[in-house]
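Asker: Protein sequence lines, in the order shown, are assigned to chains A and B. Per this note's numbering, the very first residue in the first sequence carries number 268; after that it's consecutive. Per this note's numbering, the very first residue in the second sequence carries number 95; after that it's consecutive.
Keep in mind that the hints are not guaranteed to be accurate.
[What the hints assert, rightly or not] Just a few of them, taken from the derived set where beta-carbon distance is under 10 Å, the chain A residues facing chain B:
| hint | residue |
| --- | --- |
| 1 | G271 |
| 2 | L302 |
| 3 | R317 |
| 4 | L387 |
| 5 | P462 |
| 6 | I465 |
[Said to hold, decoys possible] Partial pick of chain B residues on the chain A-facing surface, computed with a CB cut under 10 Å:
| hint | residue |
| --- | --- |
| 7 | A126 |
| 8 | Y146 |
| 9 | M299 |
| 10 | I300 |
| 11 | M310 |
[Claimed, not checked] Chain A regions said to be covered by chain B (calculated; three or more residues, Cβ under 8 Å):
| hint | segment |
| --- | --- |
| 12 | 289-301 |
| 13 | 306-315 |
| 14 | 320-334 |
| 15 | 466-472 |
| 16 | 481-489 |
Bear in mind the hints are in silico, worked out from the structure with no lab data behind them. We put the CB at the ideal spot given by N, CA and C, even for glycine.
Each chain, written out:
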Amino acid sequence: MIAGVQLFCRLMMTAIRGQMQYRGAFLLMVLGSFLTSMVQAIGIWALFDRFGNLGIWSVAHVAFLYGTINIVFASVDITARGFDTFGSSLIRTGQFDRVLVRPASTVILVAAREVALHKLGQLLQGILVLIYALVALDIDWTLGRLALYIFAVSSMYAFFYAIQIVRATMSFWTIETLEILNTISHGGMETAQYPMSIYKESFTNFFTYVVPLACVAYFPIVGVLDMPDPLGSTLLTQSLAPLAGFVFFAVCLSFWFFGMKRYQSTGS
Amino acid sequence: MDGLVTAFTRSYAAVVVARFRMLLQYRAAALAGIATQIFWGCIKLMVLGAFYAVAVTTPPMTFTAIVAYVWLGQVLIGLLPWNHDPELQELFTSGGVAYELLRPLDLYWFWFARTLAYRTAPTLLRMVPGIVFAALILPLIGLPEWALPAPASMNHGLMFALSFVVTVMLSCAITILITISMFWLIEARGLSTFMYGVVPVFSGMIVPLPLFPEWMQPFLQWQPFRGLCDVPFRIYSGDIPLTMASQEIALQFAWTTILILFGYGLITRARTRLVVQGG
């Protein structure tokens, strides 16, 4: 386990050093990532400016949700890049064969192969929005709330990471990476930036019971912000909901190992 | 002039056919793209619908106009000039641009034809299934309030078609400016990066422009990116009345002409001081 973590860190450092060779291009990409996520924030701001509050949700409440999710999503994008490009750069080329013969876990080798450091732009943008929310909201941070927030953030990380693993796993069959799963990763991120209670019931149910997005983001955050929930969750369910993120991760990881058993090389 | 038009039409037809053949190889990708756009459209409508449901004062647009705006935007998203033709980028880094200069065609209009193909071919491919879903399938599955409505009237439809043609020209004129920036920058990524931030917001793709704060409206009204979404989409839904439509299209056309002349001027200057990469 410790050896695994050490290996992961070393591979990551190598990937970072590689990226830093192209400093100009790197800085431009950071700026691009910052602007792309800024655009969404401008949209949210414009709507709140025009319509006032969204029920009990003020712009600061949504900023808290938005900032948290963007920070987590960017962190996942940075550290799961190897899975993101898995189909095109390891499966289609047949290079995965070489990964298989190495004496370390395929999960670590694939994960640490690349790092998307330019997503620091989105990360920074998320942090700025979160700071605004923290200043504007003045949350009463009891120990319980802080613990719930940390639990929620780590579960969110596991959730979005798991989706990247599923995307990569699909390419054992499809060879290419499927864009359609972007609706759950990027689409999920955009969905979860607003309170779940504004969506249609079938949509909310899908994102609660099939893909547990609401369990890792909306429910625990409602608990932290101590807001009433029209969907009817209680503090107990809000506190337990993030468990779903870790279960989801475990299921997706076993799907990865299942896919790997079915792997037939494409190389010649 | 006649020769120029024939050359333009023929080179355009050739590149567009080539591009279509290439795209048809990736049907699964196109389908996945459409599904993604539809999903995004639904989220946008739910978010905007939630705001409309709690609105205290009457919003500047009806919800039907919003629905038309969102779906037209999702279906035509490929026309937005926030990136540029990677094949043309390749010409600059490899030095292949020297061959382009040798062609017996006007460089600006040849690239315009290529850009037109790059912008329109994938959009045409995705447009039809997207419209079928938004206009016909949504009412069938019990969501008629989300369905893409027909144009407000026959005349609105015709004005929309006219405005849409200008939109395509405008989009190409902006895309080609990004390409031309490579004469100076080699990497167009710099300008592209900037465009990621500017184009979606100022065209109205993120939030319909009339919903932005009142104090921003005078500026939003006159800037060129508005011609990419806001003008045609609002003519379609009747949010811009027919009496105003011709004036709006004239403004859209004026910006397009200015940007084309600007690009043409830049390309003429760039040719005299071009350093070809590679060896």
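Asker: Are the hints correct? Go through all of them and say.
Answerer: Hint check:
| no. | hint | verdict |
| --- | --- | --- |
| 1 | G271 | violated, 34 Å |
| 2 | L302 | holds, 3 Å |
| 3 | R317 | holds, 5 Å |
| 4 | L387 | violated, 14 Å |
| 5 | P462 | holds, 9 Å |
| 6 | I465 | holds, 4 Å |
| 7 | A126 | holds, 4 Å |
| 8 | Y146 | holds, 8 Å |
| 9 | M299 | holds, 9 Å |
| 10 | I300 | holds, 4 Å |
| 11 | M310 | holds, 9 Å |
| 12 | 289-301 | holds (count 5) |
| 13 | 306-315 | holds (count 6) |
| 14 | 320-334 | holds (count 3) |
| 15 | 466-472 | holds (count 3) |
| 16 | 481-489 | violated (count 0) |
Going down the numbered hints, you'll see the structure goes against 1, 4 and 16, while the others check out.
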